[in-house]
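**Student:** Just so we're on the same page, my numbering is the position in the first sequence counted from 1, plus 29.
Hints listed in this document are in silico derivations from the structure and should not be mistaken for laboratory results.
Heads up, some of the hints might be wrong.
List time: in silico DMTMM-like cross-link candidates among lysine to aspartate or glutamate, alpha-carbon distance up to 25 Å [said to hold, decoys possible]:
1. K447 / D518
2. K308 / D518
3. K143 / E273
4. K366 / E340
5. K574 / D356
6. K366 / D314
7. K378 / D454
8. K143 / E262
9. K146 / E197
10. K366 / E395
11. K146 / E276
12. K366 / D393
13. K49 / D269
14. K345 / E260
15. K441 / E469
16. K471 / D393
17. K441 / E497
18. K378 / D424
19. K298 / E105
20. K564 / E538
21. K574 / E563
22. K41 / D290
23. K169 / D47
24. K564 / D543
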Amino acid sequence: MENKPTQSNYIKNIIVEDLKTGKHREIVTRFPPEPNGYLHIGHAKSIVLNFDLADEFNGRTNLRFDDTNPLKEETEYVESIKEDVKWLGYEWDSLFFGSDFFEEMYNKAVLLIKKGKAYVCDLSAEEIRTTRGTLKEPGKESPYRNRPVEENLDLFERMRRGEFKDGEKVLRAKIDMASPNLNMRDPVIYRIAHAAHHNTGDKWCIYPMYDYAHPLEDAFEGVTHSICTLEFEDHRPLYDWVIEECETECEPHQYEFARLDMTNTVMSKRKLKLLVDEKIVDGWDDPRLPTISGLRRRGYTPEAIRNFVREIGVAKSNSIVDARMLDHFVREDLKMKAPRTMAVLRPLKVVITNYPEGQAEWLDAENNPENPEMGLRKIPFSREIYVEQDDFMEDPPKKYFRLFPGNEVRLKHAYFIKCNEVIKDRDGNITELHCTYDPETKSGTDFTGRKVKGTIHWVDAGNAVPAEFRLYEPLILDGEKEESAGFLDNINPNSLEILQGFVEPAMREAKPQDKFQFFRHGYFSVDPQKTTGEKPVFNRIVSLKSSFKI
RNA sequence: UGGGGCGUAGCCAAGUUGGUAAGGCAACGGACUUUGACUCCGUCAUGCGUUGGUUCGAGUCCAGCCGCCCCAGCCA
30 MENKPTQSNY IKNIIVEDLK TGKHREIVTR FPPEPNGYLH IGHAKSIVLN FDLADEFNGR
90 TNLRFDDTNP LKEETEYVES IKEDVKWLGY EWDSLFFGSD FFEEMYNKAV LLIKKGKAYV
150 CDLSAEEIRT TRGTLKEPGK ESPYRNRPVE ENLDLFERMR RGEFKDGEKV LRAKIDMASP
210 NLNMRDPVIY RIAHAAHHNT GDKWCIYPMY DYAHPLEDAF EGVTHSICTL EFEDHRPLYD
270 WVIEECETEC EPHQYEFARL DMTNTVMSKR KLKLLVDEKI VDGWDDPRLP TISGLRRRGY
330 TPEAIRNFVR EIGVAKSNSI VDARMLDHFV REDLKMKAPR TMAVLRPLKV VITNYPEGQA
390 EWLDAENNPE NPEMGLRKIP FSREIYVEQD DFMEDPPKKY FRLFPGNEVR LKHAYFIKCN
450 EVIKDRDGNI TELHCTYDPE TKSGTDFTGR KVKGTIHWVD AGNAVPAEFR LYEPLILDGE
510 KEESAGFLDN INPNSLEILQ GFVEPAMREA KPQDKFQFFR HGYFSVDPQK TTGEKPVFNR
570 IVSLKSSFKI
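Given the sequences, and given the hints that come with them, work out the whole structure.
**Tutor:** Okay, here's the thing in structure tokens:
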């Protein structure tokens, strides 16, 4: 993996300090997704952060599924998450499930009870809520708060044995009902759920809550720096309380950073799901979605995603990153890697009237002028070709140096052609152009007789391979970031445009996920779902930048 | 005065102990060009939410204001 130095951030500074003072000898991080959905680029930020941080200081990173809620989690998600992490280019040191530690967690809970730091509470969920108090008023202590240790031990064991129904009892940490931090008002740390767990099956009917489980999982794994998002800042005192009171061998610490948000897209699991459920997009891997599977299908590369995430930095202020920054990093990555080839997305037939009928020649074309090692290929040329509709204007404005009546342009890799005649149908639509070519201007002959301002791409009509092109625009229009379902009003109705055109014959060999730069258009990737043996389908990953404006 | 955070350019973001505002994206000029691309060169914060204070010196320290985000799941 490439080792670009990543910019400084506050967590890295802490690590440097911890290493210097000897607080830690080895850095251990973890990426702890809950297997209840698909990963998106926001997760990629967390993945890159955790893995890179450990990498940089020769530490290690675990992948840990935080599976403490059997009602929401499924094995299907475990597999897709593993696939996505690997695809992003990372190898975890160890693979854990939070559920691997259920027994130890249970034992720690018994310890808490023995220390008088936890109690079984019979209050209903509703009662717990009402007695929790409000943001400005303290809560009330539960009548069960001072149950004797022996009774708590007995009840907790019976909870585990399944003697009670869901919601009948919970185990609560005994902390402080008057704390200004709601999380410290005797939080529930175990609840009863008679539900099969994707990993432990029916072994358990009590499950630990996040605030209790997460710090213990970190401690059991030997995690030193437990990195999470900003909304958990308020939970840190509880995290520390659990570590302290459970007397774990390792003492991990939690650090928070701002989750990634980007312009012109949606990032929350809820909104993503809505788009999928409402069929506004075509599944979780729709190329317009910021899911890892969507980005992959669209053609974004792991390298580009990593570099993007490294460049946006890690901080604690809520921010919205310009989506165009991601585009920049794919272009940068694909510049050297993607072969250049010509594709006509909106075909306009051109007949080269002075080129002999029945004649054809095969021209040399370099695959990537930025990267000569990629070699040459042969492309056919003959009397009839297709050019881009946009590359002809009957009545052009100033500074238009493509094709127009009387003007001469260069055909990339081929000859100069001059437009002599515009053929139209009965309705006045342009159907064909008649041009003449100059044999002396053949590419590669160092012809210097005259210059043209424009070079356009084309495809030989006789050998053209029909292809479909899918052009994507941002899913969400510019404007206020709408909350709740209101964001549906900002959906871009033109986020997908499907075009039928032609590519060079060599493109018959293109395989799913192969990436190309279509000359003067942008970077495209072969769609793995829509492509058939008959017709390749190309997703536009990103267009080329352009300073051209009419 | 519930508690916890954050505020540096259009967008991200660096800025260890106060010493005179990195970098990237975007944008805009120009050079080059068989991609209106790439590349290269140049421009882009007398300014760090704001008002005061301390200091020879403040983005960094202090005080007060203002604005934004998060928290009352037996979700994570």
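**Student:** For every hint, state whether the structure bears it out.
**Tutor:** Cross-check of the supplied hints:
no.	hint	in the structure
1	K447 / D518	violated (48 Å)
2	K308 / D518	holds (15 Å)
3	K143 / E273	holds (15 Å)
4	K366 / E340	holds (21 Å)
5	K574 / D356	holds (10 Å)
6	K366 / D314	holds (24 Å)
7	K378 / D454	holds (13 Å)
8	K143 / E262	violated (29 Å)
9	K146 / E197	holds (20 Å)
10	K366 / E395	holds (13 Å)
11	K146 / E276	holds (12 Å)
12	K366 / D393	holds (20 Å)
13	K49 / D269	holds (23 Å)
14	K345 / E260	holds (11 Å)
15	K441 / E469	holds (15 Å)
16	K471 / D393	holds (11 Å)
17	K441 / E497	holds (22 Å)
18	K378 / D424	holds (18 Å)
19	K298 / E105	holds (16 Å)
20	K564 / E538	holds (11 Å)
21	K574 / E563	violated (31 Å)
22	K41 / D290	holds (21 Å)
23	K169 / D47	violated (40 Å)
24	K564 / D543	holds (15 Å)
Hints 1, 8, 21, 23 from the list above are not met by this structure, while the remaining hints are.
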